[in-house]
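Engineer: Now for the letters of each chain:
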Amino acid sequence: MGRLAETFFNAEVIATYLPALLSGFRVTLELAAAVVTLGILLGLALAMLRAFRFRLLNGLIVAFVDVFRTLPQLVVMVFAYFGLPYAGITISAFAAAVLGLALVLAAFAEEAFWAAITAIPRGQWEAARSTGLSFGQALASVVMPQAVRIAIPLLTNRTIAITKGTALASVISVPEILDKAQSAMSISANASPLIVGAGLYLAIFGPFVVASRWLERRYGWII
Amino acid sequence: MADAPFLLEIDGLHKSFGDLEVLKGVSLRVRPREVIIVIGPSGSGKSTLLRCINRLEEPTRGVIRVDGIELSARGVDLNRARKDIGMVFQAFNLYPHLTALGNVALALRKVLRMSRQEAEARGRRMLERVGLADKASAYPGELSGGQQQRVAIARALALEPKLMLFDEPTSALDPELVGGVLRVMRDLRDEGMTMVVVTHEMSFARDGGDRVLFMDGGEVVEEGPPSTIFRNPAHQRTREFLQRVLHA
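As given, the protein sequences belong to chains A and B, one line each in that order.
Take 1 as the starting number for the first sequence in the numbering used here and just add one per residue.
Take 1 as the starting number for the second sequence in the numbering used here and just add one per residue.
Read the hints as simulated data drawn from the structure, not as lab findings.
This structure is a prediction, so every number in the text was calculated from the model and none was measured.
In this text, a Cβ means the ideal position worked out from N, Cα and C, and glycines have one as well.
Wrong hints could be hidden among the right ones.
[To be verified] Just a few of them, taken from the derived set where beta-carbon distance is under 10 Å, the chain A residues facing chain B:
no., residue
1, G2
2, R3
3, T7
4, N10
5, A119
6, Q124
7, E126
8, A128
9, L133
10, Q137
11, A140
12, S141
13, V142
14, R149
15, P153
16, N157
[As the list claims (entries may be wrong)] Residues from chain B that keep clear of chain A, each with C-beta distances beyond 12 Å, as calculated:
no., residue
17, S72
18, D77
19, L98
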C-alpha cells in the first residue's frame, strides 16, 4: 500500500512539479479554446457556403471534408509541424497543433451543420423568399438559427472527442499537460505527475462535458 | 402602371416536372380588388399555378405580369417583385425560432430596411389587424393552428402587398379554427385586397370571391361568378367535382 501511494500519489514529487504541470494546464486550455473556436467557425462557414450550391466550390468543400474526416489528427499535426518546413513554411508547434485539430474538427462540424441545414423544411425557405428575402438573408436569418440548434447534439460529442486530442500535441513538444507530465515522470521516476495531469484534464473537460449537456438541453430542440 | 386594368396577367402558363405536365397553358386576368377562388381536385395544378405567380416554382413557358412587371422575364429583380406579392401557405411556415412579432417584423427589417422600432410598430399593427395583438411575444409552438395562420397572414400583409396568394390556407386546420382565418380573409376582401385563393372550403368559394376558376388536369376548365359555377356549371367535369365535394 505504501509503495502504491509513493508511486502514484507522492506529495513531494507533486509539489516539485506542480508549477510545470499548471503551466501545461494553461497551454492545454489555450489549445482547446483555439481548436473549438476555429474548428466550429470554419465548419459553420463551409456549411453555409455549401448551401449556395456553387458546383465547383461544393466539390472543393466536400473534398476538404472527406480528406480531413479520414486523416488522423496526429498525421495532420505532424505534417503541419515537420512537413510544411520543406515547403518553406515554418509554424510554431502550438500553431501546428491547433491547425491539425481545428481542420479535423471543421470537417466534422461542416457535416453536422450541413445535415442540419438540409433538415430545415422547404417551407421555411419558401416563406422567407416569398417575403422578398434574398437567398443569403433567408439562410442567415431563418435557416441558420434553426440549423444551429439542430446541429448542437450532433456537434458536442465530436467536439469533445477532437478537443481531447490536444494531448497529441505532446508528440510535437507543445508544452501542454501531457508533455509536462511525461518529462516530470521521467525525471522523477515516479508516476504521480501523470495522475495530477489526468486530474487537470478532468478539470478542463469535465466542465466542458457538463456545458455541452446544458447546451443540448437548452437549444437542442427538434422542430 | 397604377392605372393598368389588370393587376395580374397570366398568359399561356406551362409547367412541367420532368415528363409530368402540371400546367397546360393557363391564362388569367385579375383586376385590382378582385378576389379569385381556384377550386379543383388535388393534382389539378391549382397550387402550382399559385406558386408560379411569385416564382417559387419556375414556369416552363408563359408570361406572368404583376402590376405591369413581367415576373417571368429573365433578370427580373425577384426579391423586389415579391414584396408586392404576399403568400400564405397551407402549412403556415412560421419561423419557429421567432415570436409572432419577430415573424411579422423580419422582412420589414431585412427587405424594407426599417429600424427595429419601425418594424415592430408596424408588426404590432398587423397582428392587431388579424386579431392577435395580445400574442405578439408568443412563439409559433405556443399558438393554435388558426392563430399561426393568422400570424402568417399578418407576416404577408406587413409588406403592404398589392396581391395576396392563399394556398389552401385552411386545409391544415381543425374545423373549429377555420372560421377565424376565413373571417380575416373576408375582412381583407372588404378592404379591397386583390386575392387569388386556392381552397377546398366550398362555403368560402361560394360567397368569398368575385370569380371562381375550376381547374382539372392542368387546365382551367371553367370560370365565372360563383353563382353560375355552383348553380349552373357548364362542364361535366365541374359538375362531377362539385357533386363530390358538396355531397361528400
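Engineer: What are the numbers of the hints that this structure violates, sorted from low to high?
Structural biologist: 1, 2, 3, 4, 5, 15, 16, 18 and 19
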